[in-house]
Structure formats: C-alpha cells, structure tokens
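Colleague: Make the full structure from the sequences, and use the hints.
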Amino acid sequence: MVVYTGALDELLSCSLVRLLYRTLDFQFETLPVTWYQPCATVNYTVDQPFTRITEFKYVSAQKIENKTTIVKEFACCYTDGSGEFPYYAVLCEKSASLYACYLKQIAHLSRFYLIGRLAEHQYYNMDAIVGQALSRSKKILQDLEGSV
1 MVVYTGALDE
11 LLSCSLVRLL
21 YRTLDFQFET
31 LPVTWYQPCA
41 TVNYTVDQPF
51 TRITEFKYVS
61 AQKIENKTTI
71 VKEFACCYTD
81 GSGEFPYYAV
91 LCEKSASLYA
101 CYLKQIAHLS
111 RFYLIGRLAE
121 HQYYNMDAIV
131 GQALSRSKKI
141 LQDLEGSV
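The opening residue of the sequence shown carries number 1 in the UniProt record's numbering; numbering runs sequentially from there.
It is worth saying that the hints were derived from the structure and are not from the lab.
Computed cross-link-like contacts, DSBU-like style, restricted to lysine-lysine with a CA-CA straight-line distance of at most 35 Å:
{"id": "1", "residue 1": "94", "residue 2": "104"}
{"id": "2", "residue 1": "138", "residue 2": "104"}
{"id": "3", "residue 1": "72", "residue 2": "94"}
Modeller: Below, the structure is given as structure tokens:
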C-alpha cells in the first residue's frame, strides 16, 4: 500500500507536461515597532501585491519591545526554479485534462492512494482537507481489513 501526498506529475517525472501551480515568495522584514498588526495573520485581497502578512510574536508569545518581524507572502507563477515549491494547483481546463492523463498512467496500481492538494491537484481549505484526510483514512483502513 502507498499513500502519496506529493505532486503527481513529479512522481511520474513530468513525463507529459508539468502541471500548473502557483508558488509563494516570502519577504521577511524586521521593523522598529513593538507590534505591526492586530493579530498573527492578516489576509489581503487584490488591493495589495501580497496575499498575507504574518507577525511571529503573536505565535511565539515573545515580549520584545520596539522590534518585530513579519513576513509578507506574494503569490507568483511556479516555474520549477531553484528554491521554488508548488503550493497551489492552478485550476483550469488545461490542468484538469493533463491531470486526467497522469491519472491514467497510474490506473494499474492497486492500493495506491492519492491524498492532498498536490496529489489531487486541487485547492483545499484547511477544514476540508482535514475532513477529507479522515474520510480517506477510514477507506484505507477498510481496504486493509478487507485484504487480510
């Protein structure tokens, strides 16, 4: 049995064409203020070039005066360049068609499970992926019990 959570095209050495992804560029800044924003993470819409700012002192409970570190996240196209990671699938007709072709290449594998946003080339909110992981785990356990 194999549970695979990575990118399906990478598993198959991108034997067709690379699936489309978005990646993130992280830009860290240390600022001369005690707090930069009202909470750990603030998400932004299209009115800013970045999608999110995280201020780590909220998470680590550090008590440092007049200094804080933030990270701004910028979404950008994934080019498979050095240091890039495929964070989000680009959902379009081309990607769906290509993903279906990759699925055909592994159709002969038994007890091979694709789970997660990269393996399934989908976008998942955290609550949805946790629910899906629990559901798929139950299915895998049932399959294992049936094969004993």
